[in-house]
Amino acid sequence: RKEVEQDPGPFNVPEGATVAFNCTYSNSASQSFFWYRQDCRKEPKLLMSVYSSGNEDGRFTAQLNRASQYISLLIRDSKLSDSATYLCVIRSGNTPLVFGKGTRLSVIA
Amino acid sequence: EAGVVQSPRYKIIEKKQPVAFWCNPISGHNTLYWYLQNLGQGPELLIRYENEEAVDDSQLPKDRFSAERLKGVDSTLKIQPAELGDSAVYLCASSGGASSQETQYFGPGTRLLVL
Numbered sequence: 338r339k340e341v342e343q344d345p346g347p348f349n350v351p352e353g354a355t356v357a358f359n360c361t362y363s364n365s366a367s368q369s370f371f372w373y374r375q376d377c378r379k380e381p382k383l384l385m386s387v388y389s390s391g392n393e394d395g396r397f398t399a400q401l402n403r404a405s406q407y408i409s410l411l412i413r414d415s416k417l418s419d420s421a422t423y424l425c426v427i428r429s430g431n432t433p434l435v436f437g438k439g440t441r442l443s444v445i446a
Numbered sequence: 207e208a209g210v211v212q213s214p215r216y217k218i219i220e221k222k223q224p225v226a227f228w229c230n231p232i233s234g235h236n237t238l239y240w241y242l243q244n245l246g247q248g249p250e251l252l253i254r255y256e257n258e259e260a261v262d263d264s265q266l267p268k269d270r271f272s273a274e275r276l277k278g279v280d281s282t283l284k285i286q287p288a289e290l291g292d293s294a295v296y297l298c299a300s301s302g303g304a305s306s307q308e309t310q311y312f313g314p315g316t317r318l319l320v321l
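Protein sequence lines, in the order shown, are assigned to chains C and G.
Take 338 as the starting number for the first sequence in the working numbering and just add one per residue.
Take 207 as the starting number for the second sequence in the working numbering and just add one per residue.
If you are wondering where the hints come from, they were derived from the structure by calculation, not from laboratory data.
Hints may contain errors.
With a straight-line Cα cutoff of 16 Å, these simulated EDC-like cross-link-like pairs (lysine to aspartate or glutamate) come out [stated by the list, open to error]:
| id | chain 1 | residue 1 | chain 2 | residue 2 |
| --- | --- | --- | --- | --- |
| 1 | C | K438 | G | D280 |
| 2 | C | K382 | G | E308 |
| 3 | C | K438 | C | E340 |
| 4 | C | K339 | G | E250 |
| 5 | G | K277 | G | E259 |
| 6 | G | K221 | G | D292 |
| 7 | G | K277 | G | E250 |
| 8 | G | K284 | G | D269 |
| 9 | C | K416 | C | D376 |
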C-alpha cells in the first residue's frame with residue numbers, strides 16, 4: 338500500500354460547484370498534514386495545513402480523520418482559477434514530506 | 207522578498223552527458239531540499255541539507271547523482287552520466303528549519319529532457 342493515496346481524477350466540475358477530494362495515508366504515526374496546490378508547469382505551493390479540529394480558509398475546508406487515516410479538502414463555489422492539481426502531503430515527526438500523486442481539478446465555465 | 211531561484215529552467219541533453227542544476231534558497235533559510243517530480247507524480251525527495259550538511263540523502267542514486275552545498279547557501283545537483291529515465295522536473299525547496307511547522311517553499315524547477 339502506498340504511503341499516500343489520492344484519486345488522480347480529473348475532476349471536471351462547473352463553476353460554482355462544490356467538490357471534495359480525499360486522501361488516505363498508511364502511516365498511523367503521521368503527525369502533520371497539508372494540502373499543496375500545483376498549477377500546470379509550475380511549482381507546488383502550500384494551500385493550507387490540516388489541523389485535527391478541521392480548519393477553513395475562505396472557500397476551502399480541510400478535515401482530518403485520524404481513526405480512518407484520511408484527510409479531505411472541500412472547495413465551495415468553485416472558480417475557474419481553482420483549476421490545478423491538489424497534492425496531499427503528510428509528515429511523520431522530522432521525516433521528509435511525503436507527497437501524493439495529486440488530484441487534478443478542472444473547473445469549467 | 208525573492209523566492210527560491212533555480213537555473214536553468216529547461217535543459218535538453220543527450221544520454222550519457224553530464225548536467226548540473228543550481229538552486230539559491232530564500233535568504234536565511236537553513237534547510238534546502240532537492241526533489242524529483244515525474245509526470246503525473248508528486249515530488250520525491252532526493253536530498254535534504256541542514257546548512258552545509260546533507261542530513262538525508264537516502265533516496266539519492268549515488269552512482270550517478272551528486273549534490274553539494276558548500277557554504278550552506280546555494281546548492282548544485284549533478285547527474286553524470288544522464289540516462290533517458292532521468293527526464294523529469296527537478297525542484298528545489300527551502301524552509302527556515304526542518305521541523306514539521308516550517309513551510310517549504312519551492313522554486314520553479316528545472317525541466318530536464320534526456321534524448
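Here's how the hints hold up against the structure:
For the suggested pair C/K438 and G/D280, the alpha carbons sit about 28 Å apart, so the restraint of at most 16 Å is broken. A threshold of 16 Å between alpha carbons decides the hint, and for C/K382 with G/E308 the separation of about 13 Å falls inside it, so the pair holds. For the hint pairing C/K438 with C/E340, the CA-to-CA distance comes to about 11 Å; that is within 16 Å, so the pair holds. For the hint linking C/K339 to G/E250, the alpha-carbon distance of about 13 Å falls within 16 Å, and the restraint holds.
Simply put, G/K277 and G/E259 have alpha-carbon atoms about 10 Å apart, close enough for the 16 Å limit, and the pair holds. Restraint check: the Cα-Cα separation between G/K221 and G/D292 comes to about 9 Å, which is no more than 16 Å; the hinted pair holds. A hinted pair counts as satisfied when its Cα atoms are at most 16 Å apart, and G/K277 with G/E250 does not qualify at roughly 25 Å. Restraint check: the Cα-Cα separation between G/K284 and G/D269 comes to about 11 Å, which is no more than 16 Å; the hinted pair holds.
For the hint linking C/K416 to C/D376, the alpha-carbon distance of about 14 Å falls within 16 Å, and the restraint holds.
Comparing the model with each numbered hint stated earlier shows that hints 1 and 7 do not hold.
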